[in-house]
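J.: Heads up: the sequence shown begins at 1 in this note's numbering, then just goes up one per residue.
Hints listed in this document are in silico derivations from the structure and should not be mistaken for laboratory results. Warning: the hint list may mix true and false statements.
[What the hints assert, rightly or not] List time: in silico SDA-like cross-link candidates among lysine to any residue, alpha-carbon distance up to 20 Å:
id, residue 1, residue 2
1, K48, T139
2, K233, W197
3, K183, R75
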Amino acid sequence: METPTRGRWWRDASADDDGATTTVIQTGDAVDRGDRSIDCHDALERLKREANASGDEVVTLMGNHELMTLQGDLRFVGGRELMDLGVRALREGGTTGDEDGSGASPRAYAHAGRLAWMRAFARGSARGDEVRSKPVAVTRGEGRCATVFVHAGLTSRHLFGANSVDALNARARELFDVDVVSKSGEDDVTGGDGPLWTREISMGDEELVCKEVEETLARLNVKRMVVGHTPTKSGSIETRCEGMVHMIDVGMSSAYGGVPSVWMCTESEGPMAITNAGERVALE
1 METPTRGRWW
11 RDASADDDGA
21 TTTVIQTGDA
31 VDRGDRSIDC
41 HDALERLKRE
51 ANASGDEVVT
61 LMGNHELMTL
71 QGDLRFVGGR
81 ELMDLGVRAL
91 REGGTTGDED
101 GSGASPRAYA
111 HAGRLAWMRA
121 FARGSARGDE
131 VRSKPVAVTR
141 GEGRCATVFV
151 HAGLTSRHLF
161 GANSVDALNA
171 RARELFDVDV
181 VSKSGEDDVT
191 GGDGPLWTRE
201 ISMGDEELVC
211 KEVEETLARL
221 NVKRMVVGHT
231 PTKSGSIETR
241 CEGMVHMIDV
251 GMSSAYGGVP
261 SVWMCTESEG
271 PMAITNAGER
281 VALE
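Kindly generate the complete structure, drawing on both the sequences and the hints.
T.: Laid out in structure tokens, this is it:
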């Protein structure tokens, strides 16, 4: 990966001696809690474009916090980021009054920031359409690396009768292609037990969870499920169900105080965790 000052963030795959390509999957929740959510989203989208143009692939999944933005639920957007957006919006608009929460006061800046946030992710805007197009789940890899990736977890019920994630993603696209996504908790995609919110795969009774996971993986013809959403207790990548579930939320956000870690799989080495110190820890 090249630095932004050199014009590109993604190293061209053609530079590899062996011609190998790389797939990077970000499992959602690029927005909220931090002070630079929009910058983070934009950086990932730039990486996606550059990687895809060079023969590699970057996939950014839908997380529950992206969903919350589409629902107009801004409870976890960073307060400083909202204030900065509000200050910029009011200064650009030349607003000085205090009527209807639109004046130059802290409360007014926060109000203007919330409006600016919703405009930034509105349907029909570049960011809004990028978020709405995110898949809920993807399968990637072959052999030892055949894996399904999803933000929170996946059960056979979420496959809508299919043996792939295609029906799930099609249903999600229908739900997200609106100005404001419904907050109804009854839908199998957006509800509390859905693939964006469930904690059952990471925290549920292991005997029951593993049976369900095994069935889901068999239907998808993959070896394992990689999930985020629920921070691990150890702050490191963990597995359960004899390696059928890999939990990769290590709390690396400043909101949790963790350190970065990367899940990686190659056919020669299998799945592994790359620690912040560069150590490779086998997960198989």
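J.: Now look at each hint and say whether the structure bears it out.
T.: To see whether the hints hold, each was checked on the structure:
Taking the CA atoms of K48 and T139, the gap is near 17 Å; set against the 20 Å cutoff, the hint holds. About 18 Å separates the Cα atoms of K233 and W197, which keeps this hinted pair within 20 Å; it holds. Proximity of K183 to R75 is assessed by CA-CA distance (about 14 Å); at most 20 Å being required, the pair is judged to hold.
Taken one by one, the earlier hints all hold for this structure without exception.
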